[in-house]
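Asker: Chain by chain, the residues run as shown.
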Amino acid sequence: MNPPRPRPRLDQENTAFWTGGAQGHLNIVKCGDCGQYTHPPRLICRHCQSENIAPDAVAGTGVIDTFTINHQPWAKGLEVPFVIARVALDGVAGVYLTTNIVNCPVDAVAFGDAVKVVFEEQDGVFYPLFEKVA
Amino acid sequence: MASKEAYITGVGQSEVGVRLPRHPLLLTLDAAKEAIAEAGLTFDQIDGVFSFPGKSHGYLAFSPVGTDEIIEALGIKSKWQMGGLEQPAQLSAIGMAAWAVKQGICRHVLCFRTVYEAGGMADPAQYMPARSETVSGASQWTSPFWATSAACWTAQYAARHVHKYGLTRQQLGQIAVNGSKNAMLNPRARAITKEELTLDKYMDARMISTPLCLYDCDRFSDASTVIIVSAGDALDEIKCEPIRIAAMSGSVDRYSWDQVEWPAAYDAGRDLWTRTDYTPADVDTAQFYDGFAFLPITWLEGLGFCEKGEGGQFIEGGTRIARDGQLPLNTAGGQLGAGRLHGFGFAHEAVTQLRGQAGERQIAGDPRVAVATSGGGPLAAALLLTKD
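As given, the protein sequences belong to chains A and B, one line each in that order.
Numbering of the first sequence is given in my numbering, commencing with residue 1168 and proceeding in unit increments.
Numbering of the second sequence is given in my numbering, commencing with residue 642 and proceeding in unit increments.
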């Protein structure tokens, strides 16, 4: 049994991201003026500095940009090995998420694999993990 | 009166060890005394103290000593002091000191980096971070997925290199093997490296985070390194051979390990050569930050010693980066061989080699140009050091 995941401290910038999973949404901040996305979430658009921004529920699919199979138990009781990946989100240019690839053997993961989000809830925080698209 | 040039004059280093009983402030003073004595200065001639990152009150093992404590302990009258994490990597503290002397604000600046990460583990209550219920800042984007170590972040850049350019473990292993070989000739590294690492042993080592194995990760150590930066118009006050800071560069695009396409070493590397007439072909020795063995590859490519993607081929077989090779790399052992001195060790060794004072590990000929770098992922700083 894995230990609890480190829990992000929720604030004005990040709450929509970490709790969007309650509605099944992967929320990424989108600019209402220039249409571009900002991640990590901020209070202004990093492309045009507009304050007209809001969390946008994106498709939640993407591809594995790069990944590592982690063998080191960084916390007591952490089960290894597991995959840490950087997922490039579909339709959200330039935004990557560090995440875990779950529900498949670690050696089944490859560069460019199509993946989709699955949420793991822990005390009201919805961690966006990804699994391979069948 | 502003001076046109900045020089590294005195350099000093404490004992390097694992779980040293000596207090980190005293280690810092050991290194400071050595550096100041070498420069031929007295404490009262030091008028600035710069550090990366300054005292880290929440994590004293990482950075246990503040600039104010050095000012106090040495009885210095400082005209400018600076410490802080918000700099482009460790060697930027030396870069800032160079600016201070060029501006005429200071004449002799004491720069230091003290680490106590091994010793801190012996006394975690005093030195290690208090357990927090939550993560915030940049770590909230990695720690929840158990990417809690920079090893996991660096591994993803390294894995992409393996996938895209065919970097092999045998090639990567040359960085660790080379560091170990050089460390065996470095008296200060003997507490860290007791026997030479062979490529076979490297290949058999357990994985940490693919493709990085145990020997691709530097080891916590306890030590302090001090570098004195002096103004060009104050060189008549010093006794040692001055080494010029011929160019410097730093880069932070976004302070994020997962939103940047290429490590900042590529930007900082390119920029360095826009500020000097020297070229990579002039470099006699390279001291590249190797907190993880993959990072020197980003510097080799970023600084233009080879094309992007060809770092693995450059180090193939290890002959090019050996002490008698085309580009002697990490001649004191680097952090893999000589301990996690966290950046400053590279400037120390560059100066030592340029002065011909590296003893058994001294490279042949008359090295005149060295490059020292620090950083990984989104932050990077580089110094070009010359004997002219």
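Just so you know, these hints were derived from the structure itself, not from any lab.
One should not assume that every hint holds.
[Said to hold, decoys possible] Listed next, with one range per pair, are the computed distances between beta-carbon atoms:
1. Ser773(B) - Ala1275(A): 31 to 39 angstroms
2. Gln1289(A) - Lys718(B): 52 to 60 angstroms
3. Thr1182(A) - Leu726(B): 22 to 30 angstroms
4. Gly958(B) - Ala1301(A): 31 to 39 angstroms
5. Ala1226(A) - Gln767(B): 19 to 27 angstroms
6. Arg1176(A) - Ala678(B): 42 to 50 angstroms
Beta carbons are placed, not taken as given, at the ideal position from N, Cα and C, and that holds for glycine.
Asker: Find the hints from earlier in the document that the structure breaks and name them by number, from lowest to highest.
Answerer: Failing hints, ascending: 4, 5.
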